[in-house]
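Participant: Model the placement of chain B on the given structure of chain A, informed by the hints.
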Amino acid sequence: MLMQPTLLTCCFPEKIRRGICSCIVTCGSDGDVRIWENLDDDDPKSINVGEKAYSFALKNGRLVTAVSNNTVQIHTFPEGAPDGILTRFTTNANHVVFNRDGTKIAAGSSDFMVKVVEVTDSSQQKTFRGHDAPVLSLSFDPQDVFLTSASCDGSVRVWKISDQTCVTSWPLLQKCNDVINAKSICRFAWQPKSGKLLAVPVEKVVKLYRRETWDNQFDLSDNFITQTLSIVTWSPCGQYVAAGSVDGCIAVWNVDTQECMERMKHEKSYTICGLAWHPKGGQIAYTDTEGNLGLLENVCNKDGKKSSGKVSSAVAKDYNDLFDEDDDFLNTDLIEPRSSPKVVSNEEDDDDDDLMLASGHPRHRGAIIEDDENSLDTALMKVNSNLEKDDDNDQDGSIPVLPVSTTQRPFYDGPMPTPQQKPFQSGSTPSHLTHRFMVWNSIGIIRCYNDEQDNAIDVEFHDTSIHHATHLPNSLNHTMADLSSEAILLACESTEELASKLHCVHFSSWDSNKEWTVDMPKDEDIEAICLGQGWAACATSAMLTRVFTIGGVQKEIFSLPGPVVSMAGHGEQLLVIYHRGTGFDGDQCLGVQLIELGKKKRQVLHGDPLPLTKKSYLMWVGFSAEGTPCYVDSEGIVKMLNRGLGNTWIPVCDTREYCKGKSDHYWVIGIHEKPQQLRCIPCKGARFPPTLPRPAVAILSFKLPYCQITTEKGQMEEQFWRSVVFHNHLDYLSKNGYEYDENAKNEAAKEQQELLMKLFALSCKLEREFRCVELADFMTQNAVSLAIKYASRSRKLILAQRLSEMAVEKATEMAAPEEDEEEEEEDFRNHLNAGYSNSTTEWSQPRVRNLHEQDMEDSKEADAVEEVEEMPEMQKFRQNPFCKTVGLPEMSAPKSAVITTSSQGRVNPFKVSANQKDPTAHSANILDNMSKFSKNTPTPNSRAVNKQKSPVIKPLIPKPKSKQALAATFFQPRPPHAGDKTVEEKEEKAENILPEIQAAVTENTENKRPKTGFQMWLEENRESILADNPDLEEADIIKEGMSRFRVLSSDERMVWTEKAKGVAASNSAEAKKRKRPADAKNEGKEKREEKSKEDSSLPKKRKPLDPSINVRLSAFAFKQS
Amino acid sequence: MDPAEAEFLAEKELVTVIPNFSLDRIYLIGGDLGPFNPGLPVEVPLWLAVNLKQRQKCRLIPPEWMDAEKLEEIRDQERKEDTFTPMPSPYYMELTKLLLNYASDSIPKADEIRTLVKDTWDTRIAKLRLSADSFVRQQEAHAKLDNLTLMEINTTGTFLTQALDHMYKLRTNLQPAESAQSQDF
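In order, the protein sequence lines correspond to chains A and B. The opening residue of the first sequence carries number 1 in UniProt numbering; numbering runs sequentially from there. The opening residue of the second sequence carries number 1 in UniProt numbering; numbering runs sequentially from there.
Bound conformation, chain A alone (with noise of 0.2 angstroms):
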């Protein structure tokens, strides 16, 4: 059967993958089209085009076939999806051939009838009627003036395609009825460009016809032919012929010569039904009946005439392999070979750089494509698109034979540059799609229709608030497009007449002129834009940013470091990014600029490098509603500016994570920190979503990529740095002046001291200690003491130990600051400061008493800060120096309280000469606080809590009244346990003991309230006194005391009244500050216990000096436990 069941052509230059220009088309009467790489391509891609297919022509990215539904129709290639149908017959169609440029199609068909068809327009049709018979075969004049078709009733016609007429016809074949008994095929050929010769086969001679003279210029032959020929084709320089017989033989003529170059025996002597060069010439791919491809090399190279025998017979030897098999089907017989081709080329490793110098050699015969030859590849390649062009350009014939030189092409082997990624507008689909998404965002969506009805452009918002949807014609083709809350931008690039504009619709505008436009300058288009509060920007393909008003007014310009990618605005932030150079294997390498452009204008990130995903390319890039930087790359990473750590990137969250399947995408809209939001459309099987129907929104959730985020920590974790992350925008917001809400932020602080103290208990659970003090420095002071709390009461006293030292230092640290303020103010402090550290608090003290008398309360409290802040150092080097200073020889008293509590580590050795309320005020703060937060924070230590609260104490008393203590003292000496025991007693039973208190403590009251100096010298002295009569009673102690002060010189007297006053104005300030808002009843009584807590805070430190006081209480409360 001589209808065609494989049909080959060669050779694409639309191939676009890189290294692999020449393929083998070919294709079967099983309807199926292969795209083979290579002759060893063993998984050739696949185009099923029809049940039965009878002939295929490709050109230009289509693919004609005829198939056997009668119809010819187009495929889109290599894609190979549907495109339509060209033309119809009332039978199959026999062969469909392109014309030179592509433009059209002529299909002969067995019912007599021969079709040109334009190819962008099936409805243009010429139809040729003359035949007699089915057509055979058909070949358009390289001119395009004539056609010629041959047909069973043995006629070879030749057509003006212009008016249809038929010029010539010659009586050349044997007369048959149909296609199937026809002996030949004839497959004749123009000559390429000049179409000066047209070459038809005739039984075993090849006649060469003149163009307009039609007569028979001469005949090609030779004695290797024993057969009919059944198709010519020429080279592509048109100096060669090759002709196939119907017993397998193939030769190639030279023309000019007439000389038979190369000649070929098939060795199963199927016969040869397609025959096509490789566009370069020197290659004949060639396929037989039996659905055998083959390929010969080296044909009628220039100086490779010697050869040619050899070359035939060669060629004939090293496809025994390939067509042994009998099987029909090209796959199978296609894997037998691979073996073959391996042993020549190994053969031919070393001398392949001397290809072409050794084509006399023998071996250098036609082989097939050697699959581990890259560099012939390449070379094909370049050759091939170089050649395709002379071949469409040059109309003079000239021969572009290019000798293929492996070594003048070294093959580059290193990381291949990528392609830069080209600009785009965040939240746009592709502009090359007649209905897109210009633009979705959280304020709204701008699509664009670009068909033939419409060209408009349709704005929604979806706050339907802001304003309302409008509908914009598209006159200027605007391809780019931005939407804020106040104004719509639009942007299109520059055609051959008008520039490109920049187009606002300021529709917040108050006055009536809503819309302006800008041209830009000659050459240059825009290629991003965005918009911000009140202003817009463009970055253009000069490298410009231009900034204008949101009402038109032009602004900044600067220069970007790379052509832009995209850039979004928010507020007064702009944010480019930008090509910093090319990146390889597959990576882009961009930039970014973060510039504010409000009052501040200031570059916030200086061209820093983005960093994307691994062969992924920028996909969104805008702001967070809250105006932090993000961007998404095609590998779905979302990443965020992390301010809160020098402006570094962290991924927070991978979108293909939440994908279903591989294809699958989530195409981002927006990105909001509170709620933590990622607003995206999913989209199955794309990367973006269609017009139609209208995607719905899906929101995900944000996940840090923390290890081990299957455990309770891992979790707690990634959620204590997920929360501190997106919080930044807060800190950032309020440096930056802007309004934010401060219940948020407590919020976020809350939130996050809550997950530390879970993480806290969890590690104390484990027995992580260490990990407890590194957890504890993230805490603020608040939760540190309720730390405290949880470590002493799950008894981790080393670990509560080391705690308390941490919130000391903690607290120094938070001293620091305010100290530094106070600095600036201060200078003259500051430099005693620097030389002489324990100066510190002799200068404060006048400073604070004698200039900033009204605002007492707050300067004594920066004083204990800096007390504070001195003792760890002091304590440690110096024996109490402050006493030194005052002048108070008298230090066994405090030394003593100093030792008792030195199991502490640290003592304030100042608290017992100076203003001893400033650390209780502290303490009690703390304590305050600490309950206050563990009322807000009930879960987290609800057991801590709990037992605090409950007054069913009693067996735990030691336990946390120790734990108290603990979280009491480390800023103030530890008072002795019974005084201890006392105050807490105390507070925990203050309304039922208030009258024995008042008793106790009388005259402590009595004492303080109007502190004299007599008191205080008292208080210095009575060690003194007491050692010289240590069996004095308390009233003779003053009596004593009274005594002796008298005999002080008034000097000495004045001091201590002098020093007596400042205290006392310190305490009633204290008590002012302490006085609780309470209910009206309890008030009388709250102020009386909160002077008795004073007063017994006082004794705390002059414990040792009050023995009866220190019985007493100490009695009481044993008689109330």
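What the hints contain is simulated information worked out from the structure, not anything from laboratory work. Just to be clear, a hint being listed does not mean it is correct.
[Said to hold, decoys possible] Once the Cα atoms are required to be at most 25 angstroms apart in a straight line, the calculated DSS-like pairs of lysine-lysine come out as:
(1) B:70 to B:80
(2) A:52 to A:183
(3) B:70 to A:684
(4) A:684 to A:713
(5) A:59 to A:196
(6) A:660 to B:80
(7) A:59 to A:45
(8) B:109 to A:684
(9) A:514 to A:600
Since the structure is predicted, the reported quantities are computational estimates derived from the model, not experimental observations.
Facilitator: Using the frame of chain A, we list chain B on its own:
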């Protein structure tokens, strides 16, 4: 119970809408709703969805099952099976009716969906009648029908029980009626 009541119950079903306004969470007796963010889907009860839609305050996202292909499958399944197949929603009829009446512009292929749901409904009602018929014919004491929706029960429930009542009366009154007649004469 009449159909209006069934519809009223159906109005509690949650549907997804995309509001075009911004509103904080609202606290109602039936539960909290919102917050409403323009452009973001939010679940609200049907009554609110219809109300918002009527005031042009939202776009409606049809329930997942309200899709021509899925409904076609359901209809075919319903026709194939002799028993009742489970419906995608216990209020499918009411939802379809309300949504298509008030928000047909947000539902693709609204007409097709209306037809498909009606087909399914008809099939089911026919089955219901058939089973009622065989129930009466075979004089069964009880019968069990699975996967019926409230609306469907309502369409025949009243009628069937009343009819059974009447039949019972007729049967039991056969004797007394005769005696009554005799009394008359």
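Participant: Are the hints correct? Go through all of them and say.
Facilitator: Outcome of the hint check:
no., hint, result
1, B:70 to B:80, "15 angstroms, holds"
2, A:52 to A:183, "21 angstroms, holds"
3, B:70 to A:684, "18 angstroms, holds"
4, A:684 to A:713, "35 angstroms, violated"
5, A:59 to A:196, "23 angstroms, holds"
6, A:660 to B:80, "32 angstroms, violated"
7, A:59 to A:45, "18 angstroms, holds"
8, B:109 to A:684, "21 angstroms, holds"
9, A:514 to A:600, "29 angstroms, violated"
Comparing the model with each numbered hint stated earlier shows that hints 4, 6, 9 do not hold.
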